[in-house]
Amino acid sequence: MRWVILQLLLVIGLQAAPDLILRGGTIYDGTGRAPYKADLIIEKGRIQSIVARATASGKSIDVTGLAVAPGFIDVHTHAENIIYRPKAENFLRMGVTTLVLGNCGSSKLDIGKFYNDLGNNGFSPNISSLIGHGTVRKQVMGGSFRRPPTDAEVKAMQGHVDKAMRDGALGMSTGLIYLPGTFSKTDELIALSKTVAAHSGIYVSHMRSEGTNIFKAVNEVCTIAQQARLPAHISHLKLAGRPMWGKNKQLLARLDQARAEGIRLTHDQYAYTASSTSLRQLLPDDLVAGGTRAFADRIRNAKTRKETVEWMKDRLRRRQREDYSYAVIAYYKKDKRFNGLNVVEAAKLRYENDNLDHQISLIFEIEMNGGASAVFHGMHEDDARAFLRHPHTMFASDSSVRAYNVGVPHPRGYGNAARFLARYVRDQRQLKLEEAIRKLTYLPASTFKLRGRGAIHKGYAADLVVFDPAKVQDKATFKEPHHYATGFRLVLVNGQTVVENDKHNGAGPGQIIRRDQ
151 MRWVILQLLL
161 VIGLQAAPDL
171 ILRGGTIYDG
181 TGRAPYKADL
191 IIEKGRIQSI
201 VARATASGKS
211 IDVTGLAVAP
221 GFIDVHTHAE
231 NIIYRPKAEN
241 FLRMGVTTLV
251 LGNCGSSKLD
261 IGKFYNDLGN
271 NGFSPNISSL
281 IGHGTVRKQV
291 MGGSFRRPPT
301 DAEVKAMQGH
311 VDKAMRDGAL
321 GMSTGLIYLP
331 GTFSKTDELI
341 ALSKTVAAHS
351 GIYVSHMRSE
361 GTNIFKAVNE
371 VCTIAQQARL
381 PAHISHLKLA
391 GRPMWGKNKQ
401 LLARLDQARA
411 EGIRLTHDQY
421 AYTASSTSLR
431 QLLPDDLVAG
441 GTRAFADRIR
451 NAKTRKETVE
461 WMKDRLRRRQ
471 REDYSYAVIA
481 YYKKDKRFNG
491 LNVVEAAKLR
501 YENDNLDHQI
511 SLIFEIEMNG
521 GASAVFHGMH
531 EDDARAFLRH
541 PHTMFASDSS
551 VRAYNVGVPH
561 PRGYGNAARF
571 LARYVRDQRQ
581 LKLEEAIRKL
591 TYLPASTFKL
601 RGRGAIHKGY
611 AADLVVFDPA
621 KVQDKATFKE
631 PHHYATGFRL
641 VLVNGQTVVE
651 NDKHNGAGPG
661 QIIRRDQ
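In the working numbering, the protein residues as written are 151 to 667.
FYI, nobody ran anything at the bench for these hints, they're computed from the structure. Any given hint could turn out to be false.
[Claimed, not checked] Below, a list of computed lysine-lysine pairs in the BS3-like style, where the Cα atoms sit at most 30 Å apart:
1. Lys608 / Lys625
2. Lys288 / Lys483
3. Lys463 / Lys366
4. Lys498 / Lys453
5. Lys397 / Lys463
6. Lys335 / Lys366
7. Lys653 / Lys608
Sequences are here, hints too, so could you generate the full structure?
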């Protein structure tokens, strides 16, 4: 009898001592509802209960006066390099607990193997992935991609997409300004999207244009979503280039029209008016197809070089620019002196002359030496604010896992989520805090079908962020990007503390999140 009583007392004691209690915080549950004060009881990596006042004993942390929110979900990353940098410190230290990889048409080809390899090593944030259309297209068509695929090639691409979806990919992404995706036609994308739709996945697109042809690009996204019968998501929504500035009302009206017609359509953006990609995006697609050696062979031809120079100058004129001062070299391995300089400044350093012909010569030279990443200043703040206020916009960084103090990359990799909370919510009051948190949590979780994430509900994963809304701050700048965000008291991933008082502790509790089937 005494043994039975002892066993009962042990059970009661275990129930009364959860893994962690967060006491006294202001709960922003992710759904957009008004905040409320409560204690969170966390057990076995999940939210065990939400109560006005927890009476259980055990480890507890007083978070009175702080916001407690679901961990932020970044649906647009290029963080495949997490396998080499598993701490993903730049993400965790701005509150991001879940990363979606495989964007802009580029991913690991074998998603299942990538998941298994990653799982063997341990990593800090949760990971999920899309399958990249460009990756699949290159695998099937090789270097012969400036043409439509044959029926057999389409079938082979569908096979790769089907396997990825069976392995848990969330959907398929496209990068339609990049090789080889830029040469694909709409019917090819519809055919592959139908395979995605058969697995209840999502179509995610870096569209063919974010400038003067953006409305045609949106129409293509809508056509694919309609004919393949699946939800669609537009990556890093923007109006790029002076000729398009101020047209946010027209663009948002077109997107709302699509939703009114029954298309399940969402979009994301980053909290900056500059983008980042390869410097080769300043060059014609046909010229860079085939890689560095093919480009070098072509540009040495006097006729091709002359035609390319004229094409580049005409493109500048059409975009109402006089030079390439808007393009800043982020990382050039061949000559690191250029890192952080715009093309005009780098041309002056290289040639002691910064006229437009020398700027173009520098762009050619950089591409012949392996290329460079760059930051492009080309958006207007008013358009960015209009997009972030829209209820179907979520916030995403478009970043990889940053190597600390390497190059001069876009600051979004260190500050994106914190910048939305500091600049646009607290300082400019563009959104209420509860709505901003919805865009960082529940909206992406529900859109990308990340079951049991993105909200503070009983039974959900204890991915949690505790921060001070009055102090949260992005520190990274374009000139000095290697600064972590601040103001984060705690960041938990699956119930385990990873960040405490703005410091990453090295823990690796992240999980692979496969598509909710």
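>> Could you work out which of the previously given hints the structure breaks and list their numbers from low to high?
In response: 1
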